[in-house]
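So the protein sequences, as listed, match chains A and B.
Here full-length UniProt numbering is used: position 363 in the first sequence is 363, and no number is missing along the way.
Here full-length UniProt numbering is used: position 104 in the second sequence is 104, and no number is missing along the way.
Keep in mind that the hints were calculated from the coordinates and are not lab data.
Incorrect hints may appear among the rest.
[To be verified] Cβ-Cβ distance ranges computed for the label pairs, FRET-style: (1) ARG80/B <-> ILE435/A: 33 to 43 Å; (2) PHE59/B <-> ILE149/A: 50 to 60 Å; (3) ILE106/A <-> TYR203/B: 27 to 37 Å; (4) SER136/A <-> GLY55/B: 55 to 65 Å; (5) LEU36/B <-> SER114/A: 53 to 63 Å; (6) THR134/A <-> LEU66/B: 40 to 50 Å; (7) VAL145/A <-> GLY55/B: 16 to 26 Å; (8) LYS54/B <-> THR431/A: 53 to 63 Å; (9) LYS54/B <-> LEU194/A: 49 to 59 Å; (10) LYS43/B <-> LEU198/A: 41 to 51 Å; (11) PRO201/B <-> LEU142/A: 33 to 43 Å; (12) LEU36/B <-> ALA236/A: 33 to 43 Å.
[Said to hold, decoys possible] Think about it this way: if two alpha-carbon atoms lie no more than 25 Å apart in a straight line, the pair counts; the simulated SDA-like pairs of lysine to any residue are: (13) LYS54/B <-> LEU443/A; (14) LYS43/B <-> PHE438/A; (15) LYS167/A <-> ILE95/A.
Built from N, CA and C at the ideal position, the CB exists for glycine as well.
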Amino acid sequence: MITFMNNSDSEEEPCNERTSLMSAESPPVPSYQDGLQASETGEAQAHRKRRAGSSRGPNNIAGGEVSGSGVPVRESALENEEEELTLKYGAKHVIMLFVPVTLCMIVVVATIKSVRFYTEKNGQLIYTPFSEDTPSVGQRLLNSVLNTIIMISVIIVMTVFLVLLYKYRCYKFIHGWLILSSLMLLFLFTYIYLGEVLKTYNVAMDYPTLFIVIWNFGAVGMICIHWKGPLQLQQAYLIMISALMALVFIKYLPEWSAWVILGAISIYDLMAVLCPKGPLRMLVETAQERNEPIFPALIYSSAMMWTVGMAKPDTAARGPSQQTWDAAEDGREHLRSPSHAESQMSETRSPVPTRPVTSLEELEEEERGVKLGLGDFIFYSVLVGKAAATASGDWNTTLACFVAILIGLCLTLLLLAVFKKALPALPISITFGLIFYFSTDNLVRPFMDTLASHQLYI
Amino acid sequence: PAFGLFLFTIARDPLRIIILIAGAFFWLVSLLLSSLIWFIAVKASDPQDERLQKGLLIFGVMFSVLLQEAFRFLYYKLLRKAIEGLVALSEDGCSPISIQQMAYVAGVGFGLMSGAFSMINLLADALGPGTVGIHGDSQLYFLTSAFMTMVLIFLHTFWGILFFHGCEHRRWWEIAAVIIMHLTVSGSSFCNPLYVGSLVPSYLLMAAAAAWAYLLSGGSVQNLRRFLLCKC
Numbered sequence: 001m002i003t004f005m006n007n008s009d010s011e012e013e014p015c016n017e018r019t020s021l022m023s024a025e026s027p028p029v030p031s032y033q034d035g036l037q038a039s040e041t042g043e044a045q046a047h048r049k050r051r052a053g054s055s056r057g058p059n060n061i062a063g064g065e066v067s068g069s070g071v072p073v074r075e076s077a078l079e080n081e082e083e084e085l086t087l088k089y090g091a092k093h094v095i096m097l098f099v100p101v102t103l104c105m106i107v108v109v110a111t112i113k114s115v116r117f118y119t120e121k122n123g124q125l126i127y128t129p130f131s132e133d134t135p136s137v138g139q140r141l142l143n144s145v146l147n148t149i150i151m152i153s154v155i156i157v158m159t160v161f162l163v164l165l166y167k168y169r170c171y172k173f174i175h176g177w178l179i180l181s182s183l184m185l186l187f188l189f190t191y192i193y194l195g196e197v198l199k200t201y202n203v204a205m206d207y208p209t210l211f212i213v214i215w216n217f218g219a220v221g222m223i224c225i226h227w228k229g230p231l232q233l234q235q236a237y238l239i240m241i242s243a244l245m246a247l248v249f250i251k252y253l254p255e256w257s258a259w260v261i262l263g264a265i266s267i268y269d270l271m272a273v274l275c276p277k278g279p280l281r282m283l284v285e286t287a288q289e290r291n292e293p294i295f296p297a298l299i300y301s302s303a304m305m306w307t308v309g310m311a312k313p314d315t316a317a318r319g320p321s322q323q324t325w326d327a328a329e330d331g332r333e334h335l336r337s338p339s340h341a342e343s344q345m346s347e348t349r350s351p352v353p354t355r356p357v358t359s360l361e362e363l364e365e366e367e368r369g370v371k372l373g374l375g376d377f378i379f380y381s382v383l384v385g386k387a388a389a390t391a392s393g394d395w396n397t398t399l400a401c402f403v404a405i406l407i408g409l410c411l412t413l414l415l416l417a418v419f420k421k422a423l424p425a426l427p428i429s430i431t432f433g434l435i436f437y438f439s440t441d442n443l444v445r446p447f448m449d450t451l452a453s454h455q456l457y458i
Numbered sequence: 001p002a003f004g005l006f007l008f009t010i011a012r013d014p015l016r017i018i019i020l021i022a023g024a025f026f027w028l029v030s031l032l033l034s035s036l037i038w039f040i041a042v043k044a045s046d047p048q049d050e051r052l053q054k055g056l057l058i059f060g061v062m063f064s065v066l067l068q069e070a071f072r073f074l075y076y077k078l079l080r081k082a083i084e085g086l087v088a089l090s091e092d093g094c095s096p097i098s099i100q101q102m103a104y105v106a107g108v109g110f111g112l113m114s115g116a117f118s119m120i121n122l123l124a125d126a127l128g129p130g131t132v133g134i135h136g137d138s139q140l141y142f143l144t145s146a147f148m149t150m151v152l153i154f155l156h157t158f159w160g161i162l163f164f165h166g167c168e169h170r171r172w173w174e175i176a177a178v179i180i181m182h183l184t185v186s187g188s189s190f191c192n193p194l195y196v197g198s199l200v201p202s203y204l205l206m207a208a209a210a211a212w213a214y215l216l217s218g219g220s221v222q223n224l225r226r227f228l229l230c231k232c
C-alpha cells in the first residue's frame, strides 16, 4: 500500500499544487463593476451590479465587486441602489455557497464515519516526512511544525510557479497540468474510494462493471469541468473531487500536522491574497488585466457564466471560460455575472469595453454568482472530517465545527460585500473552526456527557 | 418535528437560513462559555466529593440557562441593528423580514442547536447494538430523551418569540417570565429519572408558551377556528 501510495504521491503532486494553488489564489478579479457603475445610472441595470452595500446585517454579502484599478467613483445614489440589490441578493448568494460547502462536508463526514479505510494510518505523504509516532510531546510538536513548514513551502513554490507560467503565457502547460491532475483525481481516487466503499458494505463488483462505471464517471467529469456542461453537473463534480481530495488529506496527514497545517495555510492565504506582492493577488490582477477568467477547474462558481449575447471579449472566452481561469484557488470569491437569463439582457447593457473584467457586465439581478476556490472547499472539509474522525465527542464536535465554518463563510462574504475585493475565504472560517473544535472537544464534551448521563437538560 | 418546521418554513428564504445558522452559533457560544465555567469549577474542586459534584452540576446548568438567555438578548440586539440596515436599504421602505419572523427563526435556531447537541450522540449510540437500561436505569431512556428534546426545541422557539416581543415592547415581565420558565424546565429535568416530574410540567409549560406566543403573534381563537374549519 505504501509503495502504491508513493507512486500516486508523485501523481498527487499536480493535484496538490493545483489544489493548493486554488486556495491560494484570489479568485475574483477586481471589480469590473467599477466601470460599469459609472456608466449605468440607476435603472434596472443598477440592479445588476451588485455593489456590496454597507455591511448591514447578514444580508450584505456577495454583492461585492472587487474594486479594481482606476475605477471611476460612483455616485452615492448609484451606490444606494446597488446596496439594496446587494442586500436582497446577498442572502441568496450566501445560500448558494452554503449548499455546496454543506454537501461536501456531509460527503466527507459520511465517508469518514462509515468507511474504515480513511481513518487508518497507512503511511504518510512525502510532503510530510516527519513521523508523529515519537514518544515525547515536544518532539511530536517539533515534527509537526517541520512538516507544516515543508508543506507550506511546497505550496508556495507551486503557486509562484503557476503565477510565473501564467504571466509568461504558457497556457498550454497550465492546461496540460490541470488536465493531468484532474484526470488523476477523477480516475485514480475515485477507483480507490469506490473500492473502499464497496469493501465496507460487502458488495461485490466485478472488474468490467467497475471499469465501465469509473470510465463513465471520469469521462463525463473531465468534459464537464474543462469544457461545457450543465452547471449543476459541473458543480456536483467539483464537490466530488473536493471531497475526494479532502479524504486523501485526512488519511495521509498525521494528526498534529494536520491542525498546524490548517492554521498555517490560513495565514498564508491571508498574506498571499492581501499583500501587494502576494502570488495570488498577482494572479488575479494579471487575469483581470488580460480580461480572462480564471480556470474553471479550480473554482467553484455558483452560477452560469457568460451568456451568449456578450459583446465583450469574454464571449470568446465563453466556451473555455471555465478553463481560462487559472488555478485561482481557493478562497477567493469573486463575483461573476452570471446567469442564463442574462442572455437576453446583455444587449441592453451598456457595453463596457473599458472594463478589464470579463463578462461581469452582464449581471442580471438574480444570477450574479459568487465564486469560491476549490481549495477552500477542501480545507473546510478537512477540518470537519478531522473533527469527525478524531474527536472523542463525535457528533457534537463535528456539528460545532460545521456551524463555525458556515458562520465564518457568512462573515467572509459580508466582508467581501464591504471591501469589494478578492478576499481569502480561509482565515476566518478556519479560525472559528479550530477554536470551536478544540474548545468543544475539551470543554463542552465533558459537560454534555455529564448532563446526558444524568439526563439533565439545559 | 423541528426539522419539519425547518423545511417548511425556513428553507425557502435564504435570509432566514442565515438567521437560523447565526442563532445556532450564538447558542453554541453560550454553551461554550458555560461549559468553560463549569470545567474550571470542576477542576478547582475535589473530584471525589459526590455531593459537591452534583451541586456543581446544578450550578452549571443554571448558569448555562442564564447565559443562554443573555445570548438570546445579544442576538436580539444584533438583529435589531440588522433590521434597521435592511429597512434603510430596501426599496420600498419596509424590511423584507419582520422582527417577528426573525424571532421565530432565532428561536428555531436556538432550539435546533440545543436539541442536536442533546440528542445526536444518543442517536448515534442508538444505532448500535445494546440494551436500554441494563444497569438498572430506566428502560424508557431513549423515548423520554426524545420527547424531552422535542419539547425543549419547541420551547426554545416559543421563548424566542416571547423574548423578542418583550424586548420590542419593553415589557420586562415577559422577559423575566421566559427566564423563569427556562429555569423551571431545566430544574424539572433534575427529577429524572422520575419522568413524571419532568416531562409533564415541561409539556404543560410548552402548551402555555405556545398559546401565549400565538396570541402575541396576532392569532386568536377566531383565527384558529377559521383555520381548522377551512380545512375540512
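Cross-check of the supplied hints:
1. At roughly 27 Å, the beta-carbon separation of ARG80/B and ILE435/A lies outside the given 33 to 43 Å, and the hint is violated.
2. Remark: the range hint 50 to 60 Å for PHE59/B to ILE149/A is contradicted by a beta-carbon distance near 46 Å.
3. Look at ILE106/A against TYR203/B: about 33 Å separates their beta carbons, and that is inside 27 to 37 Å.
4. Distance hint check for SER136/A and GLY55/B: the Cβ-Cβ separation is about 39 Å, which falls outside the suggested range of 55 to 65 Å.
5. Look at LEU36/B against SER114/A: about 33 Å separates their beta carbons, and that is not inside 53 to 63 Å.
6. The given range of 40 to 50 Å is respected by THR134/A and LEU66/B, whose C-beta atoms sit roughly 45 Å from each other.
7. Distance hint for VAL145/A and GLY55/B: a CB-CB separation of about 43 Å, inconsistent with the stated range 16 to 26 Å.
8. With their beta carbons about 37 Å apart, LYS54/B and THR431/A fall outside the hinted range of 53 to 63 Å.
9. For LYS54/B paired with LEU194/A, a C-beta distance near 52 Å keeps the hint of 49 to 59 Å intact.
10. For LYS43/B and LEU198/A, the Cβ-Cβ distance of about 47 Å falls inside the hinted range of 41 to 51 Å, so the restraint holds.
11. With their beta carbons about 57 Å apart, PRO201/B and LEU142/A fall outside the hinted range of 33 to 43 Å.
12. The hinted window of 33 to 43 Å between LEU36/B and ALA236/A holds, with their beta carbons roughly 41 Å apart.
13. At most 25 Å may separate the alpha-carbon atoms for a hinted pair to count; LYS54/B and LEU443/A meet this at roughly 18 Å.
14. Only pairs whose Cα atoms come within 25 Å are accepted, and LYS43/B paired with PHE438/A is accepted, the gap being roughly 18 Å.
15. Annotation: proposed proximity of LYS167/A to ILE95/A is violated, straight-line Cα distance about 34 Å (limit 25 Å).
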